[in-house]
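A.B. asks: Listed here are the chains, written in short residue letters.
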Amino acid sequence: MVWAESVPRVWRERAKKYRLLGGKCPACGSVVYPHRQVCPYCGSEGLQLVELPRKGRVISYTVIRHPPSDFVGKEPYVVAIVELEGGARVLAQLTDVKPEEVREGMEVEAVFRRYREQSPDGIIEYGIKFRPAH
Amino acid sequence: MKFSMNVGIAGYGAYVPIYRIRAAEVARVWGSGEEEPVREKSVPGLDEDSLTMAYEAAREALEMSGVERSEVGAVLVGSESPPYAVKPSATVIAEALGLTPRVVAIDMEFACKAGTTAMILAAGLVASGAIKHGLAIGTDNAQARPGDELEYTAGAGAAAYLVSGDGDRLLAVLEYAYSYVTDTPDFWRREGERYPRHAYRFTGAPAYFNHIVGAAKGLMEEAGLKPSDFDYVVFHQPNVKFPLRAAQMLGFKPEQVKPGLLSGEIGNTYAAASLIGLARVLDAAKPNQRILVVSFGSGAGSDAISLVTTENVGKKKSSLERLLSRKVYVDYGLYAKMKGILRVA
Numbered sequence: 001m002v003w004a005e006s007v008p009r010v011w012r013e014r015a016k017k018y019r020l021l022g023g024k025c026p027a028c029g030s031v032v033y034p035h036r037q038v039c040p041y042c043g044s045e046g047l048q049l050v051e052l053p054r055k056g057r058v059i060s061y062t063v064i065r066h067p068p069s070d071f072v073g074k075e076p077y078v079v080a081i082v083e084l085e086g087g088a089r090v091l092a093q094l095t096d097v098k099p100e101e102v103r104e105g106m107e108v109e110a111v112f113r114r115y116r117e118q119s120p121d122g123i124i125e126y127g128i129k130f131r132p133a134h
Numbered sequence: 001m002k003f004s005m006n007v008g009i010a011g012y013g014a015y016v017p018i019y020r021i022r023a024a025e026v027a028r029v030w031g032s033g034e035e036e037p038v039r040e041k042s043v044p045g046l047d048e049d050s051l052t053m054a055y056e057a058a059r060e061a062l063e064m065s066g067v068e069r070s071e072v073g074a075v076l077v078g079s080e081s082p083p084y085a086v087k088p089s090a091t092v093i094a095e096a097l098g099l100t101p102r103v104v105a106i107d108m109e110f111a112c113k114a115g116t117t118a119m120i121l122a123a124g125l126v127a128s129g130a131i132k133h134g135l136a137i138g139t140d141n142a143q144a145r146p147g148d149e150l151e152y153t154a155g156a157g158a159a160a161y162l163v164s165g166d167g168d169r170l171l172a173v174l175e176y177a178y179s180y181v182t183d184t185p186d187f188w189r190r191e192g193e194r195y196p197r198h199a200y201r202f203t204g205a206p207a208y209f210n211h212i213v214g215a216a217k218g219l220m221e222e223a224g225l226k227p228s229d230f231d232y233v234v235f236h237q238p239n240v241k242f243p244l245r246a247a248q249m250l251g252f253k254p255e256q257v258k259p260g261l262l263s264g265e266i267g268n269t270y271a272a273a274s275l276i277g278l279a280r281v282l283d284a285a286k287p288n289q290r291i292l293v294v295s296f297g298s299g300a301g302s303d304a305i306s307l308v309t310t311e312n313v314g315k316k317k318s319s320l321e322r323l324l325s326r327k328v329y330v331d332y333g334l335y336a337k338m339k340g341i342l343r344v345a
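Protein chains in written order, with this note's numbering: chain C, 1 to 134; chain D, 1 to 345.
It should be emphasised that the hints constitute simulated quantities derived from the structure, not laboratory data.
Keep in mind the model is a prediction, meaning the values are calculated, not measured.
All C-beta atoms, glycine included, are put in the ideal place defined by N, C-alpha and C.
Among the hints, erroneous ones may be present.
Simulated pairs of lysine-lysine, DSSO-like, Cα-Cα distance not exceeding 30 Å [unchecked claim]:
#: 1; chain 1: D; residue 1: Lys87; chain 2: D; residue 2: Lys253
#: 2; chain 1: D; residue 1: Lys253; chain 2: D; residue 2: Lys226
#: 3; chain 1: C; residue 1: Lys98; chain 2: D; residue 2: Lys317
#: 4; chain 1: C; residue 1: Lys98; chain 2: D; residue 2: Lys337
#: 5; chain 1: D; residue 1: Lys337; chain 2: C; residue 2: Lys74
#: 6; chain 1: D; residue 1: Lys339; chain 2: C; residue 2: Lys55
#: 7; chain 1: C; residue 1: Lys74; chain 2: D; residue 2: Lys87
#: 8; chain 1: D; residue 1: Lys317; chain 2: C; residue 2: Lys55
#: 9; chain 1: D; residue 1: Lys253; chain 2: C; residue 2: Lys17
#: 10; chain 1: C; residue 1: Lys55; chain 2: C; residue 2: Lys16
#: 11; chain 1: D; residue 1: Lys258; chain 2: D; residue 2: Lys226
#: 12; chain 1: C; residue 1: Lys55; chain 2: D; residue 2: Lys316
#: 13; chain 1: C; residue 1: Lys55; chain 2: C; residue 2: Lys24
#: 14; chain 1: D; residue 1: Lys253; chain 2: D; residue 2: Lys339
#: 15; chain 1: D; residue 1: Lys258; chain 2: C; residue 2: Lys74
#: 16; chain 1: C; residue 1: Lys98; chain 2: D; residue 2: Lys339
#: 17; chain 1: C; residue 1: Lys17; chain 2: D; residue 2: Lys337
#: 18; chain 1: D; residue 1: Lys327; chain 2: D; residue 2: Lys339
#: 19; chain 1: D; residue 1: Lys286; chain 2: D; residue 2: Lys226
#: 20; chain 1: C; residue 1: Lys16; chain 2: D; residue 2: Lys87
#: 21; chain 1: D; residue 1: Lys315; chain 2: C; residue 2: Lys55
#: 22; chain 1: D; residue 1: Lys226; chain 2: C; residue 2: Lys16
#: 23; chain 1: D; residue 1: Lys87; chain 2: C; residue 2: Lys17
#: 24; chain 1: C; residue 1: Lys17; chain 2: D; residue 2: Lys317
#: 25; chain 1: C; residue 1: Lys98; chain 2: D; residue 2: Lys327
#: 26; chain 1: D; residue 1: Lys317; chain 2: D; residue 2: Lys327
#: 27; chain 1: D; residue 1: Lys2; chain 2: D; residue 2: Lys132
#: 28; chain 1: D; residue 1: Lys132; chain 2: C; residue 2: Lys17
#: 29; chain 1: D; residue 1: Lys253; chain 2: D; residue 2: Lys217
#: 30; chain 1: D; residue 1: Lys327; chain 2: C; residue 2: Lys17
#: 31; chain 1: D; residue 1: Lys286; chain 2: D; residue 2: Lys253
#: 32; chain 1: D; residue 1: Lys286; chain 2: D; residue 2: Lys241
#: 33; chain 1: C; residue 1: Lys17; chain 2: D; residue 2: Lys316
#: 34; chain 1: C; residue 1: Lys16; chain 2: D; residue 2: Lys217
#: 35; chain 1: D; residue 1: Lys339; chain 2: C; residue 2: Lys74
#: 36; chain 1: C; residue 1: Lys55; chain 2: D; residue 2: Lys327
For each label pair, taking beta carbons as the anchor points, the in silico distance ranges come out as [to be verified]:
#: 37; chain 1: D; residue 1: Leu334; chain 2: C; residue 2: Glu107; range: 22 to 30 Å
#: 38; chain 1: C; residue 1: Glu104; chain 2: D; residue 2: Val173; range: 44 to 52 Å
#: 39; chain 1: D; residue 1: Glu321; chain 2: C; residue 2: Glu5; range: 35 to 43 Å
#: 40; chain 1: C; residue 1: Ser119; chain 2: D; residue 2: Tyr195; range: 21 to 29 Å
Whole structure, please, built from the sequences with the hints as guidance.
C.D. replies: Structure follows, in structure tokens:
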């Protein structure tokens with residue numbers, strides 16, 4: 001177990017997990033995901049809440065073959081950094097793809113999928129993943 | 001039923017998972033020796049369920065319509081395979097689409113018929129002036145006991161319709177609706193049971209055919225229409241044979257049925273089946289064409305809905321063709337894992 005099973009955490013994070021809500025910096029124009037108060041690039045405040053594009057490309061990825069306990073049975077799966085159109089970067093799972101098919105630069109699009117079940121009688125966590133855009 | 005004002009479809013979306021299993025592969029394991037009812041069926045990935053598929057279809061319907069999210073007044077989700085026994089899918093879908101909190105949201109169940117009933121109810125809310133636009137969704141990840149006849153066909157998919165009263169946006173107008181229901185125990189699943197049961201050949205004449213024919217005839221009599229007035233007809237499709245036979249019983253030609261008949265490729269997608277067929281037809285339709293959709297849900301009942309396309313039809317298409325062409329075949333072992341028949345951990 002590498003995470004704390006928490007219902008309030010899932011509830012608190014639902015908007016940013018369900019929707020690609022990012023922040024646009026009014027000073028330097030950087031777009032970040034998820035939305036936050038302070039721009040990580042220039043330190044300015046007052047980032048504007050923006051809905052990010054659903055298409056992007058894989059910048060880097062890793063294949064998970066020995067997953068944490070709550071993802072057992074789903075391996076092997078791919079976790080990637082996806083750069084969306086407009087520049088925001090998102091860390092997310094790839095889906096509908098075999099690990100050996102993934103390439104840097106691969107075009108992907110956002111989909112809504114199951115992340116994990118907290119337990120057979122616990123809540124189901126959902127959110128954004130990416131799949132090949134072909 | 002005739003709606004008191006102009007109400008119709010402003011956008012639609014369909015979703016089918018990427019995975020397929022061939023009926024021949026199911027027969028390899030369970031081998032009945034009989035002819036298989038479909039060629040192949042759709043299988044959801046390990047991270048998919050009726051809720052995630054519904055979201056994908058609904059997002060596409062909303063985007064096609066161009067309607068502002070703040071103006072969507074209802075999310076009605078018809079399914080017999082919700083991921084929770086108690087906790088609505090409609091709220092998760094509404095939240096993920098950015099429609100919360102000022103929205104009517106409800107999950108509905110009537111075996112394979114809940115999607116078309118969602119459309120009728122959304123149209124009623126729009127026609128009454130209570131809401132401007134509403135989303136009606138049919139979605140299912142159908143379950144079948146391993147080795148059961150149903151396992152050849154129990155598929156996965158979703159379709160969603162943005163029902164609207166905004167005349168300029170409509171790509172098809174809902175002309176008439178006719179519901180036909182009786183207490184007919186052809187198929188059921190008791191609380192806490194994992195798989196449904198059915199009454200074998202009882203699912204044909206007294207169930208599927210009685211209700212499909214009853215609803216279609218009822219609509220045509222009430223509306224003063226005949227089979228030749230329709231360019232397309234879409235029936236609930238539990239296999240390939242039943243909808244073709246229903247068409248013959250009612251006097252429709254195979255050419256009217258085939259464009260919306262997808263069960264041979266994706267299996268029976270239950271509450272989504274007739275609505276995915278309608279999406280296929282709308283993708284191909286031209287302005288001023290008339291379409292008849294007749295669902296069937298066990299237990300039992302049918303909704304017949306007639307639609308007439310407008311000048312807006314075909315300007316935007318759904319992603320259905322792309323989803324149908326993207327296929328990854330799985331063997332029975334992987335299928336069993338994806339369907340949760342094989343349980344890990």
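A.B. asks: Run every hint past the structure and note whether it holds.
C.D. replies: Now for the hints, and whether the structure bears them out:
no.: 1; hint: Lys87(D) with Lys253(D); result: violated (43 Å)
no.: 2; hint: Lys253(D) with Lys226(D); result: holds (12 Å)
no.: 3; hint: Lys98(C) with Lys317(D); result: holds (29 Å)
no.: 4; hint: Lys98(C) with Lys337(D); result: holds (16 Å)
no.: 5; hint: Lys337(D) with Lys74(C); result: holds (10 Å)
no.: 6; hint: Lys339(D) with Lys55(C); result: holds (29 Å)
no.: 7; hint: Lys74(C) with Lys87(D); result: holds (25 Å)
no.: 8; hint: Lys317(D) with Lys55(C); result: holds (19 Å)
no.: 9; hint: Lys253(D) with Lys17(C); result: violated (48 Å)
no.: 10; hint: Lys55(C) with Lys16(C); result: holds (17 Å)
no.: 11; hint: Lys258(D) with Lys226(D); result: holds (18 Å)
no.: 12; hint: Lys55(C) with Lys316(D); result: holds (19 Å)
no.: 13; hint: Lys55(C) with Lys24(C); result: holds (17 Å)
no.: 14; hint: Lys253(D) with Lys339(D); result: violated (36 Å)
no.: 15; hint: Lys258(D) with Lys74(C); result: violated (38 Å)
no.: 16; hint: Lys98(C) with Lys339(D); result: holds (18 Å)
no.: 17; hint: Lys17(C) with Lys337(D); result: holds (26 Å)
no.: 18; hint: Lys327(D) with Lys339(D); result: holds (17 Å)
no.: 19; hint: Lys286(D) with Lys226(D); result: holds (20 Å)
no.: 20; hint: Lys16(C) with Lys87(D); result: holds (21 Å)
no.: 21; hint: Lys315(D) with Lys55(C); result: holds (22 Å)
no.: 22; hint: Lys226(D) with Lys16(C); result: violated (51 Å)
no.: 23; hint: Lys87(D) with Lys17(C); result: holds (19 Å)
no.: 24; hint: Lys17(C) with Lys317(D); result: holds (28 Å)
no.: 25; hint: Lys98(C) with Lys327(D); result: holds (13 Å)
no.: 26; hint: Lys317(D) with Lys327(D); result: holds (20 Å)
no.: 27; hint: Lys2(D) with Lys132(D); result: holds (18 Å)
no.: 28; hint: Lys132(D) with Lys17(C); result: holds (29 Å)
no.: 29; hint: Lys253(D) with Lys217(D); result: holds (16 Å)
no.: 30; hint: Lys327(D) with Lys17(C); result: holds (28 Å)
no.: 31; hint: Lys286(D) with Lys253(D); result: holds (19 Å)
no.: 32; hint: Lys286(D) with Lys241(D); result: holds (27 Å)
no.: 33; hint: Lys17(C) with Lys316(D); result: holds (29 Å)
no.: 34; hint: Lys16(C) with Lys217(D); result: violated (49 Å)
no.: 35; hint: Lys339(D) with Lys74(C); result: holds (13 Å)
no.: 36; hint: Lys55(C) with Lys327(D); result: holds (21 Å)
no.: 37; hint: Leu334(D) with Glu107(C): 22 to 30 Å; result: holds (26 Å)
no.: 38; hint: Glu104(C) with Val173(D): 44 to 52 Å; result: holds (49 Å)
no.: 39; hint: Glu321(D) with Glu5(C): 35 to 43 Å; result: holds (42 Å)
no.: 40; hint: Ser119(C) with Tyr195(D): 21 to 29 Å; result: holds (22 Å)
Checked against the numbered hints above, the structure breaks hints 1, 9, 14, 15, 22 and 34 and satisfies the rest.
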